[in-house]
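Colleague: We have chain A already, so just place chain B on it with the hints.
These protein sequence lines map, in sequence, to chains A and B. Going by the UniProt record's numbering, the first residue of the first sequence is number 1, and it counts up by one from there. Going by the UniProt record's numbering, the first residue of the second sequence is number 1, and it counts up by one from there.
Watch out, some of these pointers could steer you wrong.
Unchecked claim - Calculated pairs, SDA-like style, for lysine to any residue (alpha carbon to alpha carbon, straight line, at most 25 angstroms):
#1 B:K179 <-> A:S447
#2 B:K311 <-> A:P217
#3 A:K311 <-> B:A296
#4 A:K179 <-> B:E419
#5 B:K269 <-> B:K179
#6 B:K179 <-> A:E419
#7 B:K179 <-> A:A455
Honestly, the hints are just simulated from the structure, not real lab data. Since we're looking at a predicted model, the values are computed, not measured.
There are 2 protein chains.
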Amino acid sequence: MVGAENVLVDDPARLARATGLSYLDLLRRRSPSADFPVPDAVVLPADPDEVQAVLDACVQHDVGVVPFGGGTSVVGGVAALRGEKTSVIALDLVRLDALVSVDAESRIAVLQAGVRGPEAERLLAGHGLTLGHVPQSFERATIGGFAATRSAGQASSGYGRFEDMVTGVRLATPRGPWKLGVAPASAAGPDLRQLAIGSEGTLGVITEVALRVRPAPPVRRYEGYALPGWAAGAEAVRDLAQHHALADVTRLSDVDETEVSLALNAGLKTAALRRYLAARGVRRPCFLIVGWEGTAHDVALRRRETARRLKASGAVRVGKALGESWRHGRFAGPRQRDTLLDMGVCVETLETAAYWSNVDELRDDVRAALTASLGRSIVMCHISHAYETGASLYFTVLTARDETDSVGQWQRAKAAACEAIAGLGTISHHHAVGVDHAPYLSAEIGSLGVEVLRAAKSTVDPTGILNPGKLV
Amino acid sequence: MVGAENVLVDDPARLARATGLSYLDLLRRRSPSADFPVPDAVVLPADPDEVQAVLDACVQHDVGVVPFGGGTSVVGGVAALRGEKTSVIALDLVRLDALVSVDAESRIAVLQAGVRGPEAERLLAGHGLTLGHVPQSFERATIGGFAATRSAGQASSGYGRFEDMVTGVRLATPRGPWKLGVAPASAAGPDLRQLAIGSEGTLGVITEVALRVRPAPPVRRYEGYALPGWAAGAEAVRDLAQHHALADVTRLSDVDETEVSLALNAGLKTAALRRYLAARGVRRPCFLIVGWEGTAHDVALRRRETARRLKASGAVRVGKALGESWRHGRFAGPRQRDTLLDMGVCVETLETAAYWSNVDELRDDVRAALTASLGRSIVMCHISHAYETGASLYFTVLTARDETDSVGQWQRAKAAACEAIAGLGTISHHHAVGVDHAPYLSAEIGSLGVEVLRAAKSTVDPTGILNPGKLV
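Okay, chain A solo, but in the shape it has when bound:
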């Protein structure tokens, strides 16, 4: 039904869809003795109808289906688990690569699930539009993946999280097609779009997403500030968020992350910058990146308001170089991991979010848990998404890799961090649940919540072919 050339059974094709990009995935791929599940075949449908036809066939033959987009999951979301099934395929959506329609008046564009970040922007740019969704996985990840995992981009303070952009979702399910989203907002019962978003391929295969888009911004202005320490920095970001003065990108590094930036960033005249900041009372700086996108009028208006509030919060302006250098290096992080691994360094990230009154305690607890588990290590943290009621916390961990038990070393550290998070924040702010976070889900949404998700799944997927072993 998809054509023989779109069913791949060779080892390289199957291996390429067997894992995501977590540190554990990188380890698995390096180890000659690694034992991880691989799909029996890769199927590449061309459009939503072919996705539906493949699902129907998989129901008929009782074959498990792992939807596959950019393969950037860091939580085991694309692991080729087969559950009770004897066979499992990776359903690669990369051929669903079209911009289906643009409604310029309503500012809505419908994109197919397999469109990657840069291609989405390129297609929309042809209509003078932008999506503005720029997570660190932007270069590889897809529209369907963003929706399936409740992704949040680096400019989420301005453009919103991905779920804020979604006006409609089209899914293929084992029970047939399912389409949601007829109006910007509705009181027609619970918002089932918010059930489809974050369903991680367990409630259907997302084939098209209708998205709120905006005019491509003629002006992008990024700059850096420094704040005297974490507490002052978090307070300044909270002040911006609660006064609706956030820049589109608002990203606060803690002292440790700032020190690493200072040490590694060749574009900054570090010594002069330190003297400049010290002269203004900032001896242990926390860098704050702020970026606005829009018309010149709009950027100027909003920038003035952000600057006014930051000044009152004790922030010292560092200038454009810091903002631009962050902007240009924003996707580089993940690419450096293999090099660091070669050098014997364990490097991984994890993220959470909490209400403001829990943010400091949560940061302390997660840092303490990681350090207690890993021993000597660098734990950096930043706020990359701020809300009126709270903020995300994103941790980057570097430590010497335990060559005898690299997997166990990180699994223990991650478990310790997850235990520290439970009760204070969410187990995932924008990385989803997958396999890795599944043990912690019921603490967050209750065992009833997990049962409700299972009941929803049983309804749309009675024989359980969809992404076995994920989410719930």
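Modeller: What follows is chain B alone, placed relative to chain A:
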């Protein structure tokens, strides 16, 4: 378990919880021959634990439970249907009237479900805070009801819809307590808060809601503009919404609604105003009410931006009198309905929402459907909630009441309007589903969507005691 004095079985108490406030409800209450279901008893628990205990007892004795807040449903949401049950109670939550906690740093307040609009504002004002949720039902409706029905207030452009304010929900279910919401945003699977919000008492009894609150605004500024006709008005509102320049209250009346305002509003010097507008090219005015709330600085800044864009859209400023007169009369509408009924007038409202490219067609179609069904009538319409991708449409209908078949007259008109809505917009923007909209729900969320909701309900309410016959 709640004390004998909190179980009422007298007729007035039961009758008072038997209906909501729709036109059909008013007719039922007036007709000596009306036949409508009445709960067998009214139970008034004092707190979430007592709600849970009552539910447990109702499971044990297989008694239906209709959660009851302000009783302002206009869609049959509190009708005492018993489904398969031999008995049904109204679970009146009015004694759950506490402000549970305030987290000023996170700007979150937890309110119990029975707190009414004005009392919520009074309790929060004690902490210098406001919720800012002001639907037309404000004076009577409750926090639990707002959440259960996905309410939207008149200032939703500034404060958001009720679901935007909810950070957490606590429910009592037949399977035990259920608590949701640990962070401002999360990627830990689907957002189940958005399943609880809008569940209309079918997935549990909402007992407490954690809400994002804001500082009580020192300045409130309301004023009026006039636009030359509906198309220009809708275009101006769209321009504001898509440039993030909406006032907190943004409300555009069509020509018919504006003419009624001009005819009835004693505070406006109508003839002079008409001359003033005509001299500026506005011969068939559409009134636009805009209102800002906040600090003087913030209101001034935002008002300037709104005014700048409105001027460019051809709007003519009418002044403060129009804004203030709307603000002071904003809750009066529903109270006038009994008087109109006495005068032989059928008066009712209905609302929908659509993407911008559908808004004009939807308005035309609903007006045509209502007029075709009712014959000579006044159909007024306004936009009261605008989004980047679309807007709500709120219709008010007045026609001579058919004394021989008042109920059928409106039921046929409403059905015609609902048929016109299906496919172009949502069956309800902020009035929920209840009994009246249930036949149209599957057209909106798919039969799979309805099945998913039923599966969720079966999970938390296996014996089906919760609000029988509502939503699905």
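Colleague: Determine for every hint whether it applies to the structure shown.
Modeller: Hint-by-hint comparison with the structure:
no. : hint              : in the structure
1   : B:K179 <-> A:S447 : holds (10 angstroms)
2   : B:K311 <-> A:P217 : holds (23 angstroms)
3   : A:K311 <-> B:A296 : holds (20 angstroms)
4   : A:K179 <-> B:E419 : holds (19 angstroms)
5   : B:K269 <-> B:K179 : violated (54 angstroms)
6   : B:K179 <-> A:E419 : holds (19 angstroms)
7   : B:K179 <-> A:A455 : holds (18 angstroms)
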